[in-house]
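Participant: Spelled out, the chains give:
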Amino acid sequence: MKPEHYGIGIAKGLRVTIKHLFRHPVTVQYPEQKLHVSRRIRGNELVWDNVKCTGCATCSKACPIGAIQIATKIDKEKNKYDVDITVDTGYCIQCGLCVEACPYEAIYMGYSYEKAKYRRNEIIQSNDMLLPSETRIRSGYMSPGIAAQLPEQTLLLEKITEKEE
Amino acid sequence: MMLESYALSSIGSALKPLPADWPGGFWWHWLVFTIIAILFVLLMVLFFTYFERRAMGRLQARLGPNRCGPFGVIQPIMDAIKALTKEDIVPYNADKVVHWLAPAVAFVPVLLVFVVVPFSNGAMLADLNVGILFVVAISSLSALGIVMAGWGSNNKYSLISAMRAVAAVVSYEIPVVLSIASVVLLAGSMSLNDIVLAQNIPFILMQPLAFLIFFIGASAEINRSPFDLLEADSEIVAGFHTEYSGMKFALFYLVEYAEALLLSVLITTLFLSGWRGPLLPPWLWFLIKVVAVFFVLVWVRTTLPRARIDQLMALAWKFLFPLSVINLVITAIEVLAWPGGVPWPMLFVNIGIMAVLIVSWSRLFKFGWGRVKVEA
Amino acid sequence: MTVSLSGLEIGKQLKERFPGAVVEANDQAVLVKSESLLDVARYLKDTTGLDFDYLAFLTAVDYYDYFELVYRLASLKHNHTMTLKTRCYGRENPVVPSVVKLWKGADFQERETFDLFGIKFEGHPNMKRIVLWDGFKGHPLRKDYLSDGN
Amino acid sequence: MAIKTEPFLLNIGPQHPSTHGVFRMRATMDGEVIVDMEPVFGYLHRGIEKLAEERTYNGFVSLTDRLDYLSSMSNNFAYCMAVEKLAGIKVTERCEYIRVIMAELQRIASHLIAVGAFLNDCGAFMTPIVYMIREREKILDLFEMVSGQRLTYNYMRVGGLSQDIPEEFLPALDKFLEQMPRWIDEYDQLLRQNEVLLARSRGVGILPKETAINISASGPVLRASGVKWDIRKVDPYSVYDRFEFDIPTGACGDCYDRYRVRVEEMRQSLRILGQARKQLPGGEFQTPVVQPVHLPVGEVYGHIESTRGELGFYIVSDNSIAPYRCHIRAPSFLNLTALRDMVVGWKIADAILIFGSIDIVMGEIDR
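These protein sequence lines are chains A, B, C and D, in that order. Read in our numbering, the first sequence has 27 at position 27, and its numbers run on one by one without any break. Read in our numbering, the second sequence has 468 at position 303, and its numbers run on one by one without any break. Read in our numbering, the third sequence has 676 at position 135, and its numbers run on one by one without any break. Read in our numbering, the fourth sequence has 1036 at position 345, and its numbers run on one by one without any break.
Derived by calculation from the structure, the hints in this document are not laboratory data. No residue lacks a Cβ here, since even glycine has one placed at the ideal position from N, Cα and C. Do not take every clue at face value.
Stated by the list, open to error - Calculated Cβ distances over 10 Å to all of chain B for the following chain A residues: (1) Arg-23; (2) Cys-53; (3) Thr-54; (4) Lys-78; (5) Asp-82; (6) Glu-114; (7) Ala-148; (8) Leu-150.
Claimed, not checked - With the Cβ distance kept under 8 Å, some of the chain D side facing chain B (calculated, not the full set): (9) Ser-709; (10) Val-821; (11) Tyr-822; (12) Arg-825; (13) Asn-885; (14) Leu-888; (15) Val-1035; (16) Trp-1037.
Isolated chain A (complex conformation):
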């Protein structure tokens, strides 16, 4: 038997760790440094397009959780067909099935991810709160047109390229 196990494995391991001392750390200092997320990110808070929406409630049926409620009514005084949408983002699991199901591309996933709320009732959003705005950017999930306008995703693959041996 070869005389082994006299510490050569430990020495090799020590070599690997000391090598890392001279490499660049991978940590991202989050609030200061931000990476671009994927163009297709399924961020929180749905974005709703009130122009395209017909109130067909396909999204509501596709939702596996039942977080979307859609009610339509005819407003006789104004002679208008109203869509009343309520999304309980607290229940939303960000699966994107509603976006996929919508036949009119009237609902989008949100692009942002820092959408924590202080109060529970702020989580339940309806109608005008769901419209796109500066803070509610639409994500390119299932809509390549929007995806092309969003910044390119930062890849860790390209960030860590040390170790050329």
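Use these hints to put chains B, C and D onto chain A, whose structure you have.
Facilitator: Same frame as chain A, now just chains B, C and D:
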């Protein structure tokens, strides 16, 4: 850091070796060095916690603490404030007196040991002529605190940890003392200051095997990785300090790092020629060496997995103990063979012996044992 | 490629060996009586040529009138599989024999089936709930289960 | 034992640093030695099998992500394959290849966590897992690119995929395939020969071949015991019959073998990925039939080699829009059966190690 270095430089140079005409004589010396020792331990522990987290972060391709103050240097102070302001929880049914006493009992011995550590030539609180015996005797006392903590917490994990502590400390004391004995043989004195003075060649070269045994044994005794079985977080949660919070936990934390500091200081003194070095002032050499040794500790901790308790015991009794006995005998013969002078042959002979012993003994290394037959 | 053995063939073999045990045998599965399940399973496991040494999974389906237990067996030796089924009747106290002695892999699965369907496995060494707590009322995977526990 | 000792009960978990979720071992200890052990779980039970009966076939895909949350892609794959088998849908070539690429990337990602967590349980303080999570992060970036999420991908659909891969995916994949082998080599250097790890894991927690088969173990746990059984080879699904790869097996089924099998599997996955990348055809990513609404009456069992073993979906259809019954054969659930036999007689430290080497995910066990 700065304060203590200033104090060391001014007082350390003034106090060489202990001026008899110092006003107040002994008492001034006692006061000054007590303060220095306590400050040294506390400040170095603060620095070490920062340094360890930072170094470990970098070794793991992370950054480590970098938020509080420039480069995160205030982090240990913030941690201390947090620990002080936290609620102190004593578990229900705990042995309250023991639970309360344990952190103090663990901390005092560690602090005591620094009495005999020379920061510069003769710059120490007490130049005991049995210094090394004092170190060995006192330092293992802190295991008592750990046992008290384990027992007093009324927690099974803590109890397991306490039992491990007793076993580890008792068995590792022997190889550690034997390896120190060979150093003492070479130096011809038990005073730490004299040991440093004897190291024209650092003893790490003269006694590589003793150094290795001391390093392994002492890190097992102070439960540094890979022998951190007392607080093996993946097995017994946090070991003896599972049930401690707030300041009491902080004291244990302090003990842990003070022990690591003690280990670094002892290795510096015993094997790395202490405060001696060219160009730079002695106290700076001392600090550099201490930090360097601590870095090796951190490095090892980052890399190695943890041993098991029976493997820990086996390592002490089957590996380190015989090797340290052999090393002691060889050293004794060598000291007789080359009395005085610079024993260069000894250096090469010892390195050769170390290599041969380690390779041959490692043949005994076996896998897969340790299962206990359990009757159904 | 794993060969899925036809239930018809095995059903024929079983009919010769255990007359009256096989209720139905179609292309996909063999349905046996629950009393003779253990014998049939032992036969399937130990007979050379069949060697069903691997229980891929075990589960139950609630058909209101009866519970159907599905055993999917596989043989690592010959790389073939088959599905064995049995039925147990009654909603109060349905009982089937346990196959833990043959395949230890059935241990947790039988407990789970007991937990979620309320089917007792006779001969299981540790027949108690596994994913739900002990005081839980009802068996949730039954089709007539309502969330209030009735 | 000469000394008469009294056994005591130790609850390892459900909140414990290394029980990988809310798992509890009710261990009867004699000092440090475990004399009896009973696994207790169910803290994460969500009744996914029941939920499947109330969702449409496509709607349930997003819930399969929550089964084995470290390998959502494999779960999607298995479920979609089972439903397609029942509905008789043949998916396009391109879709099959993309699915295989995703499943293999997922295998690497999941094994990285498994190996890292195992080494962490072994006491290597955070280092291996931090390194490995860094590599996993690169894979998650790729997944995020195609599906928009980093953990619950919900990428595959019955009859295809939700979207085609974006154009920047393939260059990134090439880069990953080029980098990854070097990193795996480095991890091997880090701890493969480490004496402490060898002492801790060699010969510890041996699962003999016969027992492994008898307890229906699968995946790396079964293969480490020396059984050459990989669904990708013995029952090739999708397009796995077109790739060349080996099945790494262990010698005796100890913890070290399980660790090595996982590392070797990562290498084999890279081989498959390389071939799949080369052969990836163009064309449609989805069959024209997108939403199967009413599936024919019948039952089907579709299984794949998930990262943890044989993941199967047994689906009974009654021609309604939802499955009548959907049973999930969860590999970690069955691998866990072996735990008691492996643990008894070993010390508490080994128990943690053995438990870590089985590599369970609680989401899959409790379902």
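Participant: So which of those numbered hints doesn't the model satisfy?
Facilitator: The structure conflicts with hint 1 only, although it agrees with all the remaining ones.
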